[in-house]
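J.: Each chain is listed here by its residues.
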Amino acid sequence: ETGVTQTPRHLVMGMTNKKSLKCEQHLGHNAMYWYKQSAKKPLELMFVYSLEERVENNSVPSRFSPECPNSSHLFLHLHTLQPEDSALYLCASSRQAGENYGYTFGSGTRLTVV
Amino acid sequence: AQSVTQLGSHVSVSEGALVLLRCNYSSSVPPYLFWYVQYPNQGLQLLLKYTSAATLVKGINGFEAEFKKSETSFHLTKPSAHMSDAAEYFCAVSDVGNTPLVFGKGTRLSVIA
Chain A
57 ETGVTQTPRH LVMGMTNKKS LKCEQHLGHN AMYWYKQSAK KPLELMFVYS
107 LEERVENNSV PSRFSPECPN SSHLFLHLHT LQPEDSALYL CASSRQAGEN
157 YGYTFGSGTR LTVV
Chain B
916 AQSVTQLGSH VSVSEGALVL LRCNYSSSVP PYLFWYVQYP NQGLQLLLKY
966 TSAATLVKGI NGFEAEFKKS ETSFHLTKPS AHMSDAAEYF CAVSDVGNTP
1016 LVFGKGTRLS VIA
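Protein sequence lines, in the order shown, are assigned to chains A and B.
Residues 57 to 170 in this note's numbering are what the first sequence spells out, letter by letter.
Residues 916 to 1028 in this note's numbering are what the second sequence spells out, letter by letter.
Keep in mind that the hints are not guaranteed to be accurate.
Claimed, not checked - No farther apart than 20 angstroms at their CA atoms in a straight line, the calculated lysine to any residue pairs in the SDA-like style are these:
no.	chain 1	residue 1	chain 2	residue 2
1	A	Lys92	B	Thr920
2	A	Lys92	B	Glu1003
3	A	Lys96	B	Ala932
4	A	Lys96	B	Pro955
5	A	Lys97	B	Arg1023
6	A	Lys92	A	His133
7	A	Lys92	A	Arg65
Unchecked claim - Quick look at which bits of chain A chain B covers, simulated, 3 or more residues with Cβ under 8 angstroms:
no.	stretch
8	130-138
9	158-170
Simulated from the structure, these hints should not be mistaken for laboratory data.
Beta carbons are placed, not taken as given, at the ideal position from N, Cα and C, and that holds for glycine.
Build the full structure now, drawing on both the sequences and the hints.
T.: Spelled out as structure tokens, the structure:
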């Protein structure tokens, strides 16, 4: 049990579908993150939420839409994705944004866009 | 902006041999440095971190790393590799302040029996 739970673990979706990824943490952390992990590329930071407010958005296409209803839950809503969006999507949390004690990661959602 | 370079996308060692994974960072201020490990089909797990205390940092599973400011390096070592060490290893850096972690491309470690 890592403390950060991501569901589903695997997702296959068509380019016209709408789906959502879910992340949940009960560590009492105030910051949550979405990262994209593609083969042979560094982890890409997508979104940062601190105390439920988005504090960073790294030029992510609008087909990815994050939502943070409370400090324990983070969603990534997906629509009209492209095959190049296939990747492992990792959620992480930390006690506060930019905190330097390290992040706790979930196991990720393996997304395949067909 | 800070960045991290991991030399070697794949390192292969024999069981019982020394493990050395290289990481160099670029940062305008004294950084915070981390090593994470990722096993297949799992998320990243924190191995160890440097936060301006002792320059030699000990982590889990027998790993350690040494911060060398003059070389801007934070290499990860383990005296004797075990089969269970086979995984992907990521170095990450964060400047002081509210900056998210920036990760290197990762190094895949293979351990040969």
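J.: Would you mind marking each hint as holding or not holding in the structure?
T.: Results for each hint:
no.: 1; hint: A/Lys92 x B/Thr920; in the structure: holds, 18 angstroms
no.: 2; hint: A/Lys92 x B/Glu1003; in the structure: holds, 16 angstroms
no.: 3; hint: A/Lys96 x B/Ala932; in the structure: violated, 26 angstroms
no.: 4; hint: A/Lys96 x B/Pro955; in the structure: holds, 15 angstroms
no.: 5; hint: A/Lys97 x B/Arg1023; in the structure: holds, 13 angstroms
no.: 6; hint: A/Lys92 x A/His133; in the structure: holds, 14 angstroms
no.: 7; hint: A/Lys92 x A/Arg65; in the structure: holds, 14 angstroms
no.: 8; hint: 130-138; in the structure: violated (count 0)
no.: 9; hint: 158-170; in the structure: holds (count 8)
In summary, the structure is inconsistent with hints 3 and 8 from the numbered list given earlier, while agreeing with the others.
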